[in-house]
Amino acid sequence: MAVDYAALKKGGFMRQKQKNNFSLRLRVVGGNVTAEQLAKIAEVAEKFGDGHVHLTSRQSIEIPFIKLEEIDAVKAALAEGKVEPGVCGPRVRTITACQGNAICPSGCINTYELAKELDDRYFARELPHKFKFGITGCQNNCLKAEENDLGIKGGLQVTWRESDCIGCGVCVKACRTEAITLEDGKITVDPEKCNFCGRCSKACPTDAWDTVSGYIVSFGGVFGNHIAKGEPVIPFISDHDLLMKICDAAIEFFARNANPGERFKFTLDRVGRDVFEKEIREVYENG
Amino acid sequence: MAEIQIADTVDITDVVCPVTFVKAKVALEELEIGEVLAVRMNDGEPVQNVPRSMKEEGHKVLRLDANEDGTYTLLVQKNEE
Ligand code: SF4
Ligand code: SF4
Ligand code: SF4
Chain A
1 MAVDYAALKK GGFMRQKQKN NFSLRLRVVG GNVTAEQLAK IAEVAEKFGD GHVHLTSRQS
61 IEIPFIKLEE IDAVKAALAE GKVEPGVCGP RVRTITACQG NAICPSGCIN TYELAKELDD
121 RYFARELPHK FKFGITGCQN NCLKAEENDL GIKGGLQVTW RESDCIGCGV CVKACRTEAI
181 TLEDGKITVD PEKCNFCGRC SKACPTDAWD TVSGYIVSFG GVFGNHIAKG EPVIPFISDH
241 DLLMKICDAA IEFFARNANP GERFKFTLDR VGRDVFEKEI REVYENG
Chain B
1001 MAEIQIADTV DITDVVCPVT FVKAKVALEE LEIGEVLAVR MNDGEPVQNV PRSMKEEGHK
1061 VLRLDANEDG TYTLLVQKNE E
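Protein chains in written order, with this note's numbering: chain A, 1 to 287; chain B, 1001 to 1081.
These aren't lab readings, by the way, just hints derived from the structure by calculation. All values reported here derive from a predicted model rather than from experimental measurement. Be a bit skeptical, because a hint or two may be false.
[Claimed, not checked] In silico BS3-like cross-links for lysine-lysine, where the CA-CA straight-line distance does not exceed 30 angstroms:
{"hint": "1", "chain 1": "B", "residue 1": "Lys1055", "chain 2": "A", "residue 2": "Lys186"}
{"hint": "2", "chain 1": "A", "residue 1": "Lys193", "chain 2": "B", "residue 2": "Lys1060"}
{"hint": "3", "chain 1": "A", "residue 1": "Lys10", "chain 2": "B", "residue 2": "Lys1055"}
{"hint": "4", "chain 1": "A", "residue 1": "Lys144", "chain 2": "B", "residue 2": "Lys1055"}
{"hint": "5", "chain 1": "A", "residue 1": "Lys245", "chain 2": "A", "residue 2": "Lys10"}
Based on the sequences and whatever the hints tell you, model everything.
Right, dumping it as structure tokens:
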């Protein structure tokens, strides 16, 4: 029987160097795995693999040493623990995320909710080449947003509220970009320097800041054979639906323009970043 | 603002993160609720983070003053745990 490796890869089965063995990549969203899933994964690794799993660099789990003839049995066993195979190849890959504001005090957005939403919207969507999304909750960038074809970083847009300010000066020092000055009891924020980290508001003893949470989106990151950091087009997007439209537009642009086997960055280089930026700005302005 | 009565002073310029916060926290534990602790700290990480940690612990940060020697003094009022 001829083995259809492309179909297997699409289904998350990665050919190993050991003949007839496959490392099965699992579907993990935003780096969260339930205890129930873990228990089932452990059971399958013992029964069908060699008793170990591998944590991939992009928050997935792989079970190595799965035999070709047991693939269906493995899938059925995993399904009992609500575990699904992941994907590989030319399509939207695992959506990665840090813990975000559901867990982390520094978080500015709910990264996991967003990861689930993007996963529902795009998971496994076929494209000219692989396409990676990564979501990080704040400027600390634990999830390295700019390594991804499309990176999302949470931020807070801050506005000082004079009535609640006690002039303590904490925010001036909490700000790492020296965007804040305090003079005669009045705070000024230099918009050129502010990076939406939200540290001023989080440190302020009286919460004298109005905040709007939003997203800093970067495009065209790669971190493999070639290394380049994704760059934003719009400095800060506060509207969630608009974020989705911008993600749609970026994926559509890639689908329409990329050559097979070409990563987003190289499509942008070849077609012209200005052409792409113009399309994104149009979506941003007209919705 | 009315004069703030300082109940105790702690110097955390001789320790590094995360001990900075721990040292300040221990000093604060010695105080009665409502009393004010003055915490002398270095520029950089401590002054960027210790005031916020105090807030997150539920205490009331009153003021952060720059000292002439480049250090900072944070006045924090103890709240209930
Ligand atoms: S990037 Fe920010 S929100 Fe995410 S884990 Fe790191 S510090 Fe927390
Ligand atoms: S959001 Fe961050 S960068 Fe902007 S003023 Fe506040 S602390 Fe500074
Ligand atoms: S931290 Fe808050 S209260 Fe203190 S100076 Fe800044 S805005 Fe005012």
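Practice prompt. Starting from Lys10 of chain A, check that the Cα of Lys1055 of chain B is at most 30 angstroms away, please.
Written response: Between Lys10 of chain A and Lys1055 of chain B the Cα gap is close to 49 angstroms, so the pair fails against 30 angstroms, i.e. violated.
Discussion item. So if I understand the rule, the pair passes when the alpha-carbon distance is 30 angstroms or less; does Lys1055 of chain B with Lys186 of chain A pass?
Written reply: 22 angstroms, holds
Item to complete: Sort out whether Lys1055 of chain B lies within 30 angstroms of Lys144 of chain A, counting only the CA atoms.
Response: 28 angstroms, holds
Fill in: Given pair status - Lys1060 of chain B, Lys193 of chain A, alpha carbons within 30 angstroms
Cα-Cα ~28 angstroms, so holds.
Discussion item. Hinted pair, alpha-carbon criterion (30 angstroms max): Lys245 of chain A, Lys10 of chain A. Please report holds or violated.
Written reply: 26 angstroms, holds
In this structure, only the earlier hint numbered 3 is contradicted, and the remaining ones agree with it.
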